[in-house]
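K.L.:
Taken in sequence, the protein lines are chains A and B.
The opening residue of the first sequence carries number 1 in my numbering; numbering runs sequentially from there.
The opening residue of the second sequence carries number 1001 in my numbering; numbering runs sequentially from there.
Relax, there's no trap hidden among the hints.
Mimicking DSSO-like on lysine-lysine, the simulated pairs with C-alpha atoms at most 27 angstroms apart in a straight line are:
hint	chain 1	residue 1	chain 2	residue 2
1	A	K44	B	K1070
2	B	K1073	A	K44
3	A	K9	A	K44
4	B	K1078	A	K44
5	B	K1055	B	K1078
For the record, the hints were derived by calculation from the structure and aren't laboratory data.
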Amino acid sequence: NAGVTQTPKFRILKIGQSMTLQCAQDMNHNYMYWYRQDPGMGLKLIYYSVGAGITDKGEVPNGYNVSRSTTEDFPLRLELAAPSQTSVYFCASSYTGTGVLNGYTFGSGTRLTVV
Amino acid sequence: AQTVTQSQPEMSVQEAETVTLSCTYDTSESDYYLFWYKQPPSRQMILVIRQEAYKQQNATENRFSVNFQKAAKSFSLKISDSQLGDAAMYFCAYRGSDTGNQFYFGTGTSLTVIP
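Here chain A stands alone, though its shape is the one from the complex:
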């Protein structure tokens, strides 16, 4: 089925470890996003990309890195994991075009715990 695929669904990291959260979409969407969801805090934008080769910071980019080498993939890298990065991470994508009302298509999320 078409959509946004996130892996893994769950992960436990030790402080100082690194990992990459994978995100892939097969809808040929040009925009992709990474959000984190903390309890009672809604969703906060970490990074976003408007197309292959282009990325930009959102509200809470510290401690993360992204790349967008293809239209389909938008991995999120955590370097030196910290307990403050314990959260649920959502990848989303959307298509932007003139006159198009764009909602997001979300992945199913990754629950990350840093201990």
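Since the structure of chain A is provided, determine the placement of chain B on it from the hints.
P.N.:
Chain B alone, transformed into the frame defined by chain A:
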């Protein structure tokens, strides 16, 4: 940055009854879009309904409708004939025309449906 406020952390409704979830937002833009997303326990974010700010007519999707008051910057969601499957966290989201397609989310309202 735009802010989206959901002042009701929790709401409950009897099955088959009607409930209204509140959302207000702050913006200086004249052209924007508003959304309601549903997040059931599965964690998947599902688009419920959307509204273009330039349209005066309130959006309706089956049992879901909105009351959009542009001057008051209010965007409430009404769920009619509530069903057990409506139990979820509901997020209000704002997307401006000049904000790079970024969405701003409220902190969510947890809806319980009582049988």
